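K.L.:
Work out the full structure, taking the sequences as your base and the hints as a guide.
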Amino acid sequence: MENKLSVKVCTGTLCYVMGGAELQLLESYLPAEIAARVDIKGAPCLDCCNRTDAGKAPFVQVGDRIVAEASLFKVAEVIKEMLKAEGKWAE
Amino acid sequence: MPGKDRFFVEVDADRRCEKERKEPSGVYLQKRYGDRILLVAAEGGGYGIRARVAAEVVASMVLNYARMGETPVAVASSVLRTFAGEEGGIRFTSVDIRASGDVRLLEFGHPACVILRGTEEWPVEREKRLVETDGNGRHEVFLAEFRAEAEDRIVFTSEGIVVSGFGTRRLPGGWRRQGVTDFVRACIAERAVVSAHTLSRRIVEQAEINELFAVRKEMHCFTVYFRKPRRILVCSGPPFDRGKDRSLAELVRDYPGETLVCGGTTAGIIARELDRKVDVILKADPSGLPPVSRMEGVTLVTEGVLTLNKVKSLLSATFGTDVAGPGTDADVCRLLLSHDVIEFVVGTCINPLHQDPTLPVELELRRNLVRELAALLENRFMKEVRLRFV
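Here the protein sequences line up with chains F and C, keeping their order. Read left to right, the first sequence gives residues 1 to 91 (this note's numbering). Read left to right, the second sequence gives residues 1 to 390 (this note's numbering).
No lab work stands behind these hints, which were simulated from the structure alone. None of the values given here were measured: they were computed from a predicted structure. Where is the CB? At the ideal position from N, CA and C, for every residue including glycine. Treat the hints with care, since some could be wrong.
What the hints assert, rightly or not - Under 10 Å between C-beta atoms, here's a sample of chain C residues computed to sit facing chain F:
1. Thr265
2. Ala267
3. Ala271
4. Leu274
5. Val278
6. Val280
7. Pro286
8. Leu289
9. Pro290
10. Thr348
11. His354
12. Pro360
Stated by the list, open to error - A partial selection of chain C residues facing chain F, derived with a Cβ cut-off under 7 Å:
13. Gly101
14. Gly268
15. Ser293
16. Glu303
17. Val305
18. Leu353
Said to hold, decoys possible - Restraint-style ranges between C-beta atoms, simulated for each label pair:
19. Arg272(C) to Asp53(F): 20 to 28 Å
20. Ala36(F) to Arg242(C): 36 to 44 Å
21. Ala324(C) to Ala68(F): 33 to 41 Å
22. Ala32(F) to Ala317(C): 39 to 47 Å
23. Ala35(F) to Glu273(C): 31 to 39 Å
24. Asp53(F) to Phe240(C): 53 to 61 Å
25. Glu250(C) to Ala36(F): 41 to 49 Å
P.N.:
Structural data, given as structure tokens:
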């Protein structure tokens, strides 16, 4: 089975009120060929909001990378970038 | 308090107005004063606004005099003297319940309450006392005192219920008190743990059937159920001292009841300490709240402050024990209302970023929010609430 890219959407309070609510729709937003290569899960809290160096909420973790001020578009771009870097997807 | 864990006192009421009347002229009040619960049903005689106002005054007098420690005879005497000359239609029943299980009953004009131990009627002896009023009036009031035990019940029914069905082919003499008692016993035999809410509803529904759905006399019913408490632990917020993380997790693990965790960080702490997984169910919630999660050994895991705020709002707008509708807020309300003892353990560690005034919503301090929620559950829904900050 293909090793999928892990995507964790923070569903903590701060992330949610700062725009994270729409990130729940990430899977349906991604093109099918990309969605098939990622494993999207929710996280109760990624604990990034307690760190001053992590940037601003909402946060999404793509692989080992934290995406601050995440939006559907921004996360999709990071996913594409990381899939490309891993050689799992080409535009 | 020894009585606190011995049983929980569940109280609920139901009523029906006469056909084509929207508002009842009788009144039912219930109040909790610390470990004491006072219930009063009162009727002012006749119909309409005048009767309603009289009933309100009577109920309020009985409640407040009893609360101030007046003896039942003094309470009855004060009420009947106030309405001297017009006391013909006045009726009231009060039930004063202490945490120890001691119950004091005062009955005037209403059918005697049915007291049950298990499925059998418990013949609690009434003491008849005479109360004299200025207009040469002499009135009989009935007093009873007893100590309730777990699984006991008190059922109050107004005249309208006892006489329901009068003149019909099936019940030519009306349902009568014995009919009500037999019905209640059958309900308990059918389902031993039938709730006060269901029992009150069923009695009134049956009385309405007896009346062939055209109620001729207003019906009031309240039931008290002394039962083993159903407990739930609500944990919200990380402890102020990180050294207490472990004890919080152990509290959840060892709790003898259901558990609700409100807060992502709190869920994370418990999962870490107990080496469990938190699975977020990533789907949009109809209430607009963040998604809920699952964790082994925990009934429900939700987000914290936003969820509690919505739960408080929903409960503020709820006046029965039924909460309808989908959504996490309604689920949490139903979970809380289905328990008798609600223990909140609130972590007081504050995320400074939640206090940012530029945030698009007001994230109230968790401890204030839980205090308000606890007061609501205690005062309106008669729950026994324990609050602990860690």
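K.L.:
Quick one: which hint numbers does this structure break? Sort them smallest to largest.
P.N.:
4, 7, 10, 13, 24
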